[in-house]
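**Student:** Each protein sequence line maps, in turn, to chains A and B.
Just so we're aligned, residue 240 is where the first sequence starts under the numbering used here, counting upward by one.
Just so we're aligned, residue 3 is where the second sequence starts under the numbering used here, counting upward by one.
In short, the hints are calculated from the structure, not lab data.
Since we're looking at a predicted model, the values are computed, not measured.
Some hints could be false.
Said to hold, decoys possible - List of simulated lysine to aspartate or glutamate pairs, DMTMM-like, C-alpha gap at most 25 Å:
| id | chain 1 | residue 1 | chain 2 | residue 2 |
| --- | --- | --- | --- | --- |
| 1 | A | Lys341 | A | Asp289 |
| 2 | B | Lys45 | A | Glu343 |
| 3 | B | Lys45 | A | Glu309 |
| 4 | B | Lys45 | B | Asp64 |
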Amino acid sequence: DIQMTQSPSTLSASVGDRVTITCRASQSIRTWLAWYQQTPGKAPKVLIYDASSLDTGVPSRFSGSGSGTEFTLTISSLQPDDFATYYCQQYNSYPTFGQGTKVEIK
Amino acid sequence: EVQLVESGGGLVQPGGSLRLSCAASGFTFSRYWMHWVRQAPGKGLVWISRINSDGISPAYADSVKGRFTVSRDNAKNTLYLQMNSLRADDTAVYYCARDGYGGANWFDPWGQGTLVTVSS
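So here's chain B without its partners, still in its complex pose:
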């Protein structure tokens, strides 16, 4: 069974940092592009980052560019999101998601999400 499990969320003060992890199992992780998508409380879905299968070509939404860094460890089947200079509007559930196929940029499946709350 394909499974994605996020961890690392929590409460952080504005300006602080947090690193999210996404542990993958049930598929050959190194063959797939991976994504991060977030959802603020009661709001819609927003794509924020992707990384290709070998980790060389990350991409970011403008809202997080320069503050967030996506990476992966294919030996550990794990995706990461380093979040720096966090702001209140970064408060959201963060989902990792596998790419549909070959860099198609649709998402299947998704992890269960991890909540990040930025507040003093």
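Only chain A is shown next, with the shape it has when bound in the complex:
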């Protein structure tokens, strides 16, 4: 299995901050990576697929980059709705997820 490691596990930030979350794969996954947002009690929602493609309806403050083994999710200006847990997921082989990054209010 391909292992996905996110950092940090928890991130404290304020509204308006620029936030970056990193995801590393244990082997190259080219650009076969998605990012999801999950709020408590809700199902995850895809934000980014193919490492950098924004899903329909997702605000442009979200962006993704990277290839191979290192990827980032950036929120350019954190909004109140963005306090949530974020997961990366590879689909180069059978899908596996990172452990999650919780973005909390500073």
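Once you've looked at the hints, dock chain B against the given chain A.
**Tutor:** Here is chain B on its own, set in the frame of chain A:
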């Protein structure tokens, strides 16, 4: 509107069985691969199974292989997960999810989830 609605969760004893259903609407169900993903309480997301559009090629995570069976009825727009020999570590919210496109193996959208609790 694309919608996925899971049902069938509940409390079951260790060693027992349960069948989950996922009713799909708002899209041409027969054209999409479908997945099951679970999340143990307070934990992260784990992919457990997928089935291709015609139901011929299922795949499973090692943790459920031989115990769980995924199937679909394209005439009823419904996805199923038959879970046998359930264990305490199968306790989780189970989500069904539509494949992103053409077997890409990312997930959009997800259902609201159904809770399975395995306990005596």
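**Student:** Taking only the CA atoms, is the gap from lysine 45/B to aspartate 64/B under or equal to 25 Å?
**Tutor:** holds, 18 Å
**Student:** For lysine 45/B and glutamate 309/A, compute the direct alpha-carbon distance and say whether it is at most 25 Å.
**Tutor:** Satisfied, since the Cα-Cα distance of roughly 23 Å is no more than 25 Å.
**Student:** Decide if the proposed pair is consistent with the structure: lysine 45/B and glutamate 343/A, CA atoms, cutoff 25 Å inclusive.
**Tutor:** holds, 17 Å
**Student:** Please verify whether lysine 341/A and aspartate 289/A have alpha carbons no more than 25 Å apart.
**Tutor:** Given pair lysine 341/A, aspartate 289/A holds - Cα atoms ~22 Å apart, limit 25 Å.
Violated hints for the displayed structure: none, as all numbered hints are satisfied.
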